[in-house]
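The task is simple: from the sequences and hints, build the whole structure.
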Amino acid sequence: MLRFDSSGKPFIIIRDQDQKERLTGSEARKANILAAMTVANLMKTSIGPLGMDKILVDQDGEVTATNDGATILKNMQVENPIAKLLVELSQGQDDEIGDGTTSVVVLAGALLEESLSLLEKGIHPSKISEGYEKACDIAVKHLLTICDKIEFDKENYESLVLSAKTSLGSKIVNQYTDKIAKISVEAVLAVADLERKDVRFDLIKLEGKTGGTLGDTELIDGIIIPKNFSHPQMPKQIKNAKIAILTCPFEPPKPKTGHKLDIDSVKKYKELLEIEQNYFKEMTDLVKKSGATLVLCQWGFDDEANHLLLQKKLPAVRWVSGTDIELIAIATGARIVPRFSELTEKKLGKAGMVIEKSIGTTDEKMIVIEKCSNTKTVTILVKGGNKMVVEEGKRSIHDALCVTRNLIKDNRIVYGGGAAEISCSVALNKASKEITGIEQYSIRAFSQALLSVPIALASNSGLNSLEAVSEIQLQQLEDKKPFLGIDCLSKGTSNMKEQNVFDTLRGKIQEFLLATQMAKMILKIDDIIRPTGQY
Amino acid sequence: MSTEAFQPARILNQGSTQEKAEGARLSNFIGAIALSDLISTTLGPKGMDKILQSPSNLLDSTITNDGATILGSIQISNAAAKILIEISKVQDDEIGDGTTSVVVLAGELLKEAEKLIHKRIHPQTIIKGFRLAKDIALKKLRSVSQDYSENQEELKKYLKKIAMTIFSTKILTPYKSLFADLAVDSILRLKGSTNLESIQILKKTGGLLKESYIEEGFVLDKKIGVGQPKRIENAKILVANTSMDYDKIKIFGSRVVVNSSSKLAEIEEEEKKKMLRKCQKIVDHGINVFINRQLIYNLPEQFFTDNGVMSIEHADFAGIERLSLVTGGEIVSTFDHPELVTLGTAKLIEEIMIGEDKLIRFSGCKEPSACTIILRGSSKQILDEAERSLHDGLAVLSQMVKNPKIVLGAGCTEIIMAQAIEEAAKETSGKIQIAMESFARALTRIPTIIANNAGYDAEQLVSELKTKHYKGNNTFGIDVMGGKVCDVQKIGVFESLLVKEGMLLKASEATEMILRVDTIMNSAPRRRGMN
Chain X
1 MLRFDSSGKP
11 FIIIRDQDQK
21 ERLTGSEARK
31 ANILAAMTVA
41 NLMKTSIGPL
51 GMDKILVDQD
61 GEVTATNDGA
71 TILKNMQVEN
81 PIAKLLVELS
91 QGQDDEIGDG
101 TTSVVVLAGA
111 LLEESLSLLE
121 KGIHPSKISE
131 GYEKACDIAV
141 KHLLTICDKI
151 EFDKENYESL
161 VLSAKTSLGS
171 KIVNQYTDKI
181 AKISVEAVLA
191 VADLERKDVR
201 FDLIKLEGKT
211 GGTLGDTELI
221 DGIIIPKNFS
231 HPQMPKQIKN
241 AKIAILTCPF
251 EPPKPKTGHK
261 LDIDSVKKYK
271 ELLEIEQNYF
281 KEMTDLVKKS
291 GATLVLCQWG
301 FDDEANHLLL
311 QKKLPAVRWV
321 SGTDIELIAI
331 ATGARIVPRF
341 SELTEKKLGK
351 AGMVIEKSIG
361 TTDEKMIVIE
371 KCSNTKTVTI
381 LVKGGNKMVV
391 EEGKRSIHDA
401 LCVTRNLIKD
411 NRIVYGGGAA
421 EISCSVALNK
431 ASKEITGIEQ
441 YSIRAFSQAL
451 LSVPIALASN
461 SGLNSLEAVS
471 EIQLQQLEDK
481 KPFLGIDCLS
491 KGTSNMKEQN
501 VFDTLRGKIQ
511 EFLLATQMAK
521 MILKIDDIIR
531 PTGQY
Chain Y
1 MSTEAFQPAR
11 ILNQGSTQEK
21 AEGARLSNFI
31 GAIALSDLIS
41 TTLGPKGMDK
51 ILQSPSNLLD
61 STITNDGATI
71 LGSIQISNAA
81 AKILIEISKV
91 QDDEIGDGTT
101 SVVVLAGELL
111 KEAEKLIHKR
121 IHPQTIIKGF
131 RLAKDIALKK
141 LRSVSQDYSE
151 NQEELKKYLK
161 KIAMTIFSTK
171 ILTPYKSLFA
181 DLAVDSILRL
191 KGSTNLESIQ
201 ILKKTGGLLK
211 ESYIEEGFVL
221 DKKIGVGQPK
231 RIENAKILVA
241 NTSMDYDKIK
251 IFGSRVVVNS
261 SSKLAEIEEE
271 EKKKMLRKCQ
281 KIVDHGINVF
291 INRQLIYNLP
301 EQFFTDNGVM
311 SIEHADFAGI
321 ERLSLVTGGE
331 IVSTFDHPEL
341 VTLGTAKLIE
351 EIMIGEDKLI
361 RFSGCKEPSA
371 CTIILRGSSK
381 QILDEAERSL
391 HDGLAVLSQM
401 VKNPKIVLGA
411 GCTEIIMAQA
421 IEEAAKETSG
431 KIQIAMESFA
441 RALTRIPTII
451 ANNAGYDAEQ
461 LVSELKTKHY
471 KGNNTFGIDV
481 MGGKVCDVQK
491 IGVFESLLVK
501 EGMLLKASEA
511 TEMILRVDTI
521 MNSAPRRRGM
531 N
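Here the protein sequences come in this chain order: X and Y.
Per UniProt numbering, the very first residue in the first sequence carries number 1; after that it's consecutive.
Per UniProt numbering, the very first residue in the second sequence carries number 1; after that it's consecutive.
What the hints contain is simulated information worked out from the structure, not anything from laboratory work.
Keep in mind that the hints are not guaranteed to be accurate.
[Said to hold, decoys possible] Counterexamples of contact, computed for chain X against chain Y with all Cβ distances above 10 angstroms:
1. D53
2. D58
3. S129
4. D153
5. A190
6. H231
7. K236
8. K270
9. T293
10. V368
11. S373
12. G385
13. E439
14. E478
15. Q510
[Unchecked claim] DSBU-like cross-link-like pairs, simulated, lysine-lysine; straight-line CA separation at most 30 angstroms:
16. X/K491 / Y/K139
17. X/K268 / Y/K278
18. X/K209 / Y/K191
19. Y/K380 / Y/K426
20. X/K267 / Y/K273
21. Y/K223 / Y/K210
22. Y/K274 / X/K267
23. X/K288 / X/K154
24. Y/K140 / X/K270
25. Y/K366 / X/K365
26. X/K179 / X/K242
27. Y/K128 / Y/K140
28. Y/K161 / X/K179
29. X/K239 / Y/K230
30. Y/K140 / X/K209
31. Y/K281 / X/K270
32. X/K227 / Y/K140
33. Y/K405 / Y/K191
34. Y/K89 / Y/K46
35. X/K357 / X/K239
36. X/K281 / Y/K236
37. Y/K161 / Y/K191
38. Y/K281 / X/K281
39. X/K268 / Y/K272
40. Y/K281 / X/K288
Beta carbons are placed, not taken as given, at the ideal position from N, Cα and C, and that holds for glycine.
The following block contains the structure:
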C-alpha cells in the first residue's frame with residue numbers, strides 16, 4: 001500500500017508490506033463469510049438425534065469420536081482466524097450454558113450466509129449489523145412469550161429428566177438415555193441448593209472407566225479416587241475417618257535454594273543420620289498426634305516413612321491429584337495443610353466411610369470416600385466398552401448436567417425440535433412488515449437464518465428438509481402453536497409438548513445472542529492483513 | 001493485490017486433512033474390516049498363529065494366536081481400526097478371553113452395514129436395527145444360559161470343560177485336559193476371589209509342555225545367599241523393602257568431602273557400622289529368613305550367614321508383594337520396633353531344582369490359596385504363548401466362579417441368537433428389519449469363519465446347522481475336529497456366558513460408534529525433532 005506525503009515522497013504504512021497479503025472491503029468480508037460458512041457446514045451434520053459423529057485424530061494419533069460441537073471445534077486445529085473465532089464462540093456457549101454448542105455455530109454461519117446476499121444488494125455491513133441486532137431483540141422477546149415453565153422439586157424431578165434426555169438424545173449414550181438422564185439429574189439435585197438456585201459443579205466428579213457398557217454407568221454417593229493405599233497391608237476400610245490432607249511429601253525437606261551439605265567427619269555423619277531418622281519419626285508423630293486416621297498426600301512417600309505410617313496404623317494414599325484433593329477438602333471440611341507442623345485436629349476432615357474397592361474385574365482398585373461430613377458430593381462413574389465411548393459418555397453427561405443446572409437456575413423452557421426457531425422466524429417475518437427502511441431486509445434475513453437449525457435437523461433425520469420446515473411454518477402460523485417442531489424420530493407427531501422435547505430458555509437466548517454478536521463482529525471486519533510465505 | 005493465496009475455504013492447519021461423508025465412511029469400513037480380516041484366521045480351534053516381529057530387534061519375535069496380543073502390537077493409523085483394537089484390549093482386561101471374536105464380530109457387523117449403506121439406508125437406521133437386534137440377542141443369550149451357582153459340584157465339572165474349550169484354540173490343545181486341570185485346581189484354591197495375583201506362573205525352558213505342573217505354595221525364582229542354610233522349617237520371614245547395599249543419607253544435597261585418606265577410612269568404617277547396626281536390628285526381630293526387594297551386599301549377607309539367617313536379595317516388586325500376601329508378613333522398611341512388625345510364616349522353605357535351575361519353594365504358608373504353576377516348554381516363544389493362553393483361561397475361570405453361567409460353544413449359541421433375531425425381524429416393519437437381518441447374518445459368520453479356518457466346507461456345514469436349529473435341535477453345533485454337525489452337549493464344548501456377552505456388547509457398541517461417524521479430521525502429525 002503506497003501513500004505519498006505532501007512533497008510527493010512515498011512512505012510506507014505497513015512494515016515489510018511486500019511480505020504481507022491484504023484483502024480489503026467486500027473481498028475481505030466475502031473471504032471471512034466463506035470461512036465461517038465452511039465451519040458451520042461442517043457442524044451441520046452433527047445436529048439433532050440423528051446427527052452424525054466426527055472422528056478427530058490428534059497430533060499423536062489419538063482418536064476421539066464425538067458429537068459435541070465444542071469438542072469438535074476445539075480439537076480441529078483450525079488455522080483460519082475467522083474459523084478460530086467460531087471455535088471461541090462455541091467455547092463461549094459451552095462455558096456459559098454447556099449445551100447448544102453446535103447450534104450456535106450453525107446459526108452464526110447462517111446469519112453470515114444470509115448477509116452475503118444483503119451485501120450484494122449494496123447494503124452497508126453496519127446497517128446489516130443494526131438490523132440483526134434489532135432482529136435478535138425481537139426474537140428474544142418472542143422467546144419470552146412462548147416459553148413454558150416446568151415444575152419440579154427434590155422428589156418430583158421427572159420434568160428435569162425429560163429435558164436432560166433431550167440433550168442426551170443426540171449423543172451416543174442415547175441408547176441408555178433414561179438411565180443416564182436420571183443419573184445426571186440425581187447428581188445435580190444431590191448437590192444443588194434449590195433455594196439459592198445454585199449448583200456447585202465442582203462437587204460432581206466424573207470418573208471414567210472402561211469395561212461393561214455405557215448402561216453400567218452408575219452414580220456413587222461420595223468421591224472416588226483412582227488410587228490405592230500406599231502399603232498393601234494397610235486396612236482397606238476405615239469407618240469415621242478423620243482425614244489429614246497434606247501437600248508436603250513424606251521425605252526429608254528439600255530447600256528450594258541451592259545448597260550443599262558437606263560431610264567431612266564421622267561425627268557429622270552420625271549427626272546427619274540421626275537427623276534423617278528423626279525427620280520421618282517427627283512427620284509421622286505429628287500426623288498421629290493430630291488424631292488423623294487417614295492421610296491423603298499429594299506427593300510421594302519415602303519407603304521408610306511409608307512403613308512408619310503402617311506401624312502407626314495410619315492408612316495413607318499418595319499421589320492424590322490436586323483437583324481430587326480440593327474436592328475432598330470441600331466435601332469433608334478438611335483444610336489442605338502444606339506443612340506437618342501446621343497439622344491440628346481442627347484441620348482434619350471427616351468422612352463416614354472410606355473403603356478400597358475393586359471396580360470391574362481388572363485389578364485396578366479405587367478408593368471411595370463416602371458420607372462426607374461437610375457437603376454432599378457425588379461421583380458419576382462412566383463405564384463403556386472402550387475408552388473413546390467412555391470419553392464421549394463423559395462429555396455427554398457433562399452436557400446433561402449443565403442443562404439440569406440451567407433449569408434449576410431458571411425453570412423456563414422452550415420447545416425443541418426446531419420449534420422455537422421456527423416460531424421466532426415466523427414472528428420476525430411478521431415484525432419485518434411493520435418496519436420500514438433497510439432494516440426490514442436484515443430482519444427478514446435473520447428470520448431466514450433461524451430456519452437453518454430446523455433445516456439441518458430435518459435433513460439429518462432423512463426428511464425432505466425444506467418441505468418439512470415449511471410445513472411446520474405453515475402449521476404454526478395457522479394453529480398458533482409455538483410447540484410444533486420437526487419430528488426427527490418419526491414418532492408421528494410434530495407436537496414437541498407431547499414428545500417432551502425441550503431446551504432451556506436460557507440456553508436458547510444465549511445461543512441467539514452469541515451468534516448475533518459473532519455475525520456482527522465478522523461483518524465489521526473489512527481488512528485482513530497477514531504475512532505470506534510463512535509456510 | 002492477490003486473492004488466490006487466500007483460500008478462505010481452507011480453515012485447517014497445514015498438513016491436517018479432512019475426510020467427509022462417503023469418504024470418511026469408506027476409510028472407516030476399510031480400516032476396520034481389514035483389521036478384522038487380518039485376525040479372523042486365528043479364530044477357532046484350528047485357527048492359525050501369527051509371528052509378530054518387533055521393529056527394533058528382528059530376533060525378538062512373538063508367536064501367538066491371542067487376539068489382544070496381536071492387536072496390541074501392530075501399529076495402525078486408521079481411526080476405526082484403533083477403536084477395534086481398543087475393544088479387544090478392554091475385553092482382555094475385563095474377561096480375558098474372546099479378544100479375537102469381539103473384533104471379528106465387529107468387523108462382520110461393519111461389513112453388513114456397508115452393504116446396507118450401499119442400499120441407501122441411513123446409518124442411524126442401521127444403528128437402530130442393530131440395537132434392537134443386540135437386545136434380542138442378549139435376552140436370548142441370557143435365557144439359554146445355565147446357572148450353576150446353586151450346584152458347586154456340577155460347576156467344577158463344567159469349569160474344566162470351559163477351560164478345555166478355551167485351551168483348545170491355543171497352543172495348549174494337545175494337553176488341554178492337563179492344563180484345564182491345572183487351571184481349575186488353582187482357581188478353586190482362590191475360593192471365589194478374582195485376584196489372580198496369588199496364582200504365580202513360572203516359566204522354565206527345557207522339558208515339554210506336558211511336564212508342566214502345579215506346585216503347592218509359592219516358588220521364588222531367586223537364590224539363597226552363599227553359605228546359608230538351604231532348608232528351614234517353621235520359617236519366620238521378614239519381608240523388607242530397604243537398601244542393603246549402602247545406606248545413603250537421604251537428606252537433600254548432602255555429600256561426603258574429605259581431605260585425607262584416613263578420614264575416608266573413618267567414614268567408611270562408620271558406614272559399615274551403620275549397616276551392621278541395621279542388620280543387628282533386623283536379626284533382633286527373631287527371624288530366620290530375610291527377604292529384601294533391593295540388593296544385599298556382601299557385608300550384610302555375611303552378617304546374616306553368621307547369625308544363621310537365610311537371606312534372599314533382589315526379589316522384585318511384584319515378588320515382594322506376592323510374598324507378603326502369601327506369608328502374611330508386612331513389607332517392612334524401618335526396623336526400630338520389632339514388636340510392631342507382623343512377620344510372615346511358612347512351614348518349610350527349601351531350595352528345589354526345576355530343570356537345571358535352583359528355585360526357592362515356600363510351603364505351608366499362611367495363605368493356603370497360593371500356588372505356583374510351573375510351565376515347561378522347549379522354547380521361550382512356546383512358554384510365552386502358553387502363559388498367555390493359561391492366563392486367558394484363568395481369567396475366564398475366575399470370573400466364572402463369581403458368575404457361574406454357562407452357554408454352549410461350537411457356534412451353537414451364535415446360531416440361536418441369530419435365529420432369535422430373525423424371528424423378531426419378521427414382526428418388525430420398516431428398514432430396521434433389514435438391519436436386524438444383517439445383524440443375524442454377521443452372527444452366523446462366526447461359526448462360518450471357525451469352520452473355514454478348520455478347512456471344511458463352511459457354508460455347507462453352517463446351513464446344515466441352521467436347518468437343525470430350525471427343526472428345534474437347539475443344542476447342535478459344529479464339531480471342528482470331526483467336521484460335522486453334532487450335539488454340542490455330547491462333545492462337551494461349553495463357554496462362559498460372560499465371554500459371549502462381552503463379545504456381543506462390545507462389538508455392537510464399537511460398530512455403532514464407527515457407524516455414527518461422518519467426518520474424520522486428521523491433525524498434522526506432530527513434527528519430531530523440531531526442538
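A quick look at each hint next to the structure:
1. D53: The claim breaks: X/D53 does not keep its Cβ more than 10 angstroms from every Cβ of chain Y (closest is about 4 angstroms).
2. D58: At about 5 angstroms from chain Y, X/D58 fails to clear the 10 angstroms cut-off, so the statement is violated.
3. S129: holds, 20 angstroms
4. D153: Holds, since 34 angstroms exceeds 10 angstroms.
5. A190: Since the minimum Cβ distance to chain Y is about 28 angstroms, X/A190 lies beyond 10 angstroms and the statement holds.
6. H231: Non-interface label fails for X/H231: nearest chain Y Cβ at 7 angstroms, not farther than 10 angstroms.
7. K236: At roughly 12 angstroms from the nearest Cβ of chain Y, X/K236 sits farther out than 10 angstroms, so the non-interface label holds.
8. K270: violated, 7 angstroms
9. T293: holds, 17 angstroms
10. V368: holds, 18 angstroms
11. S373: Label holds. Min Cβ-Cβ 31 angstroms, cutoff 10 angstroms.
12. G385: violated, 4 angstroms
13. E439: Non-interface label on X/E439 holds, nearest chain Y Cβ at 28 angstroms vs cutoff 10 angstroms.
14. E478: holds, 30 angstroms
15. Q510: About 24 angstroms separates X/Q510 from the closest Cβ of chain Y, which puts it past 10 angstroms; holds.
16. X/K491 / Y/K139: holds, 26 angstroms
17. X/K268 / Y/K278: The given pair, whose Cα atoms are some 19 angstroms apart, holds under the 30 angstroms limit.
18. X/K209 / Y/K191: holds, 27 angstroms
19. Y/K380 / Y/K426: The given pair, whose Cα atoms are some 54 angstroms apart, is violated under the 30 angstroms limit.
20. X/K267 / Y/K273: Status holds; Cα separation ~13 angstroms.
21. Y/K223 / Y/K210: OK: Y/K223 and Y/K210 at ~26 angstroms, within 30 angstroms.
22. Y/K274 / X/K267: holds, 13 angstroms
23. X/K288 / X/K154: With Cα atoms ~41 angstroms apart, X/K288 and X/K154 exceed 30 angstroms; violated.
24. Y/K140 / X/K270: violated, 74 angstroms
25. Y/K366 / X/K365: holds, 24 angstroms
26. X/K179 / X/K242: It is violated: about 35 angstroms lies between the C-alpha atoms, which goes past 30 angstroms.
27. Y/K128 / Y/K140: The given pair, whose Cα atoms are some 19 angstroms apart, holds under the 30 angstroms limit.
28. Y/K161 / X/K179: Between Y/K161 and X/K179 the Cα gap is close to 38 angstroms, so the pair fails against 30 angstroms, i.e. violated.
29. X/K239 / Y/K230: The hint is violated at about 45 angstroms.
30. Y/K140 / X/K209: holds, 28 angstroms
31. Y/K281 / X/K270: holds, 17 angstroms
32. X/K227 / Y/K140: Violated, at roughly 39 angstroms.
33. Y/K405 / Y/K191: holds, 17 angstroms
34. Y/K89 / Y/K46: Status holds; Cα separation ~23 angstroms.
35. X/K357 / X/K239: holds, 14 angstroms
36. X/K281 / Y/K236: holds, 27 angstroms
37. Y/K161 / Y/K191: Holds, because 19 angstroms separates the two Cα atoms, which is no more than 30 angstroms.
38. Y/K281 / X/K281: Cα-Cα ~17 angstroms, so holds.
39. X/K268 / Y/K272: Holds - the C-alpha atoms of Y/K272 and X/K268 are around 16 angstroms apart, at most 30 angstroms.
40. Y/K281 / X/K288: holds, 24 angstroms
Hint compliance for this structure: hints 1, 2, 6, 8, 12, 19, 23, 24, 26, 28, 29 and 32 are broken, all remaining hints hold.
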